[in-house]
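Asker: Residue strings, one per chain:
2 protein chains.
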Amino acid sequence: MSVTAAQGFEAAGVAVGLKSTGAKDVAVVVNRGPRKVGAAVFTSNRAKANPIIWSEQAIADGVVEAVVLNSGGANCFTGSFGFQTTHQTAEKAAGLLGVSAGDVIVCSTGLIGSGDEVFRGKVLDGVEQGVAALSAAGGEDASLAIMTTDSRPKLAVVSRDGWTVGGMAKGAGMLAPGLATMLVVVTTDAEIEPAEADAALRRATRLTFDRLDSDGCMSTNDQVTLLASGASGLRPGLDDFALALTEVCQDLAQQLQADAEGASHDIVIQVVGAASEDDAVTVGRSVARNNLFKAAIFGNDPNWGRVLAAIGTTRAAFDPYDVDVSFNGVRVCTAGGPDRPREEVDLTPRRTEILIDLRVGAATATILTNDLTHDYVHENSAYSS
Amino acid sequence: MSVTAAQGFEAAGVAVGLKSTGAKDVAVVVNRGPRKVGAAVFTSNRAKANPIIWSEQAIADGVVEAVVLNSGGANCFTGSFGFQTTHQTAEKAAGLLGVSAGDVIVCSTGLIGSGDEVFRGKVLDGVEQGVAALSAAGGEDASLAIMTTDSRPKLAVVSRDGWTVGGMAKGAGMLAPGLATMLVVVTTDAEIEPAEADAALRRATRLTFDRLDSDGCMSTNDQVTLLASGASGLRPGLDDFALALTEVCQDLAQQLQADAEGASHDIVIQVVGAASEDDAVTVGRSVARNNLFKAAIFGNDPNWGRVLAAIGTTRAAFDPYDVDVSFNGVRVCTAGGPDRPREEVDLTPRRTEILIDLRVGAATATILTNDLTHDYVHENSAYSS
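Listed in order, the protein sequences are those of chains Y and W. Letter by letter, the first sequence follows residues 1 to 385 in my numbering. Letter by letter, the second sequence follows residues 1 to 385 in my numbering.
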């Protein structure tokens, strides 16, 4: 399953002591070909971890042989020593696999500022053990090795006529937009060119991971990598491929939302009637990031005033006195004034649907977020990450 | 004290049942002259409450006779009925005081969407009782009547050679920028012209209330009103006056920060070495709004990685690998890498100082914020506001 569901891929997940629990913490995913096509999108945070700086260069030629991922340390803001660690990680994997280091992607996740000699030694050890353990059944082990505060691994597979897209993701906090917002590897045995892979990946992530905004905090380390082996010998149409890829990404994005740190509600904010898609995204995101709104949902309070107050901080085209807002199908606000009594809204289910009609156009967008809970505060105050 | 510290002012605070507790809930502040100069700044939220829409018009001529303020209802998103309520409130006060309704400012605070016939009746009753109770010793009562979730009234006075500036404020949540971020009335007996009052108020609020960003949530109702009676017969220099006004505003802003809902730390984020003041403000605000940073402070964790991750989301001029960050005087990050061990930082005091040196210029700015706590989530999930 996951990254080994498609033909042509091997993976492994091993434990080398980066996690104090003894759980798996280094994953390796290898493309056995025949094609070695790769594409990736990265966090748009300007504060970039060393693996991002490395991988942005490595992906430039559209060729990827392997991805090495570690949890238990972000290797971010660790100076030139940290960059050398990433470089050595790629070199080590390349040497063992007989490929070029420039075709090895590196991903790290964990505490920012951590990445000393001990860290380096463990990661290099993990590469050696991981390459030795590679198998066509290793997808699940790999998905376990990239978990940090995740409570469960995230896997998804979509199969079409003879070709497959499968992926794994990790992420439970720092989920916010910027193209990529977590560590994700997606593989396919479809036969596609590097430019097609890049285009399809950007299409898919724009509508999925980039619309997930759990806590408004953008990570320094996040990337989504797509590997294509061509092992199925089949060449799907670009639209068909992009749709399957989007389906896998959406599935993974929803799993990330469902596992967000401390959350008690998965909130789907659907904005309709917007003048443009950008406006719809801006409005949805502004509501998703409003702490008062998020705390109200935690308290099962359909506080539409906080929704309008959040929309009012944007530059989107709308008239505050001509906006409709529904909570779980009950329209509590019509034309910027009270409609149905808030008592009619049931916010006890985990899934919460907010529908905002800006009534100025035909554009729409959906943003996924979570509520602000005691447990979110607890998890992010009690532990460094 | 407070709004009646300066000569020429009377005030009152009365209870008319808008608050279920029976506490005072309507305040009236009247300028007895001889001058009736006024200036005001308003929330920049496009979702504006009826009192904001009214008062923006009323302030246009620079003449203000009186301010009527109520807690217990925001009169926001209450339709044309709500606007008529505000209009009738001004008319009622004007009739009783023998002035023009267009010279009466109205301010409301409380739950958005509330403002029915009962609300209107109580507010009008409060105007009648408030005008009857006006006194030169009424400043404290007025400051009590505007409280919502505030745990204490906020008062400040600065006296110079023969002239005085005094004020009151309310606000404990929804504290975020937009010129005004709460209800504030400041009075002075200095002799100043309307244009000078406006200029001084904008200078003062830009550096005080506008740099307070407790929870990133901008209110629909907030305004800061300045009234000048000229009763001292003294005409200070504009710089002297603006300085005294800034002092009062800063005092009130710090009181708002100290009383922020559920907060356990008052965080002062000082950004230095910025290329421009705008950059410094942008960086400070981005850190102030980062939930992971705020939760870390609650947990007494000097998590400088989260500071850099927040800075990285801005467009400010900086190099992520040449930034220094100190927590309470201990430099934990130098040139984008670890410096002193985090164990050296003591974050147990309520006052927390974050110093960020961007090392690209000479501009600075200071942003005031609070941490993200269990109590913040509790107060904003358990009660509608």
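Because the hints were derived from the structure by calculation, they are not lab data. Glycine is no exception: its CB is placed at the ideal position from the N, C-alpha and C atoms. Watch out, some of these pointers could steer you wrong.
As the list claims (entries may be wrong) - Label pairs and their computed distance ranges (CB to CB):
#: 1; chain 1: W; residue 1: Ala275; chain 2: Y; residue 2: Glu193; range: 38 to 44 Å
#: 2; chain 1: W; residue 1: Arg331; chain 2: Y; residue 2: Asp240; range: 27 to 33 Å
#: 3; chain 1: Y; residue 1: Ala23; chain 2: W; residue 2: Gly329; range: 35 to 41 Å
#: 4; chain 1: W; residue 1: Ser80; chain 2: Y; residue 2: Ala60; range: 55 to 61 Å
Asker: Indicate, hint by hint, whether the structure satisfies it.
Answerer: Results for each hint:
1. For Ala275(W) paired with Glu193(Y), a C-beta distance near 42 Å keeps the hint of 38 to 44 Å intact.
2. With their beta carbons about 55 Å apart, Arg331(W) and Asp240(Y) fall outside the hinted range of 27 to 33 Å.
3. For the pair Ala23(Y) and Gly329(W), the beta carbons lie near 38 Å from each other, so the given range of 35 to 41 Å is met.
4. Roughly 60 Å separates the CB atoms of Ser80(W) and Ala60(Y), a value that falls within the hinted 55 to 61 Å.
Consistency note: the structure conflicts with earlier hint 2 alone.
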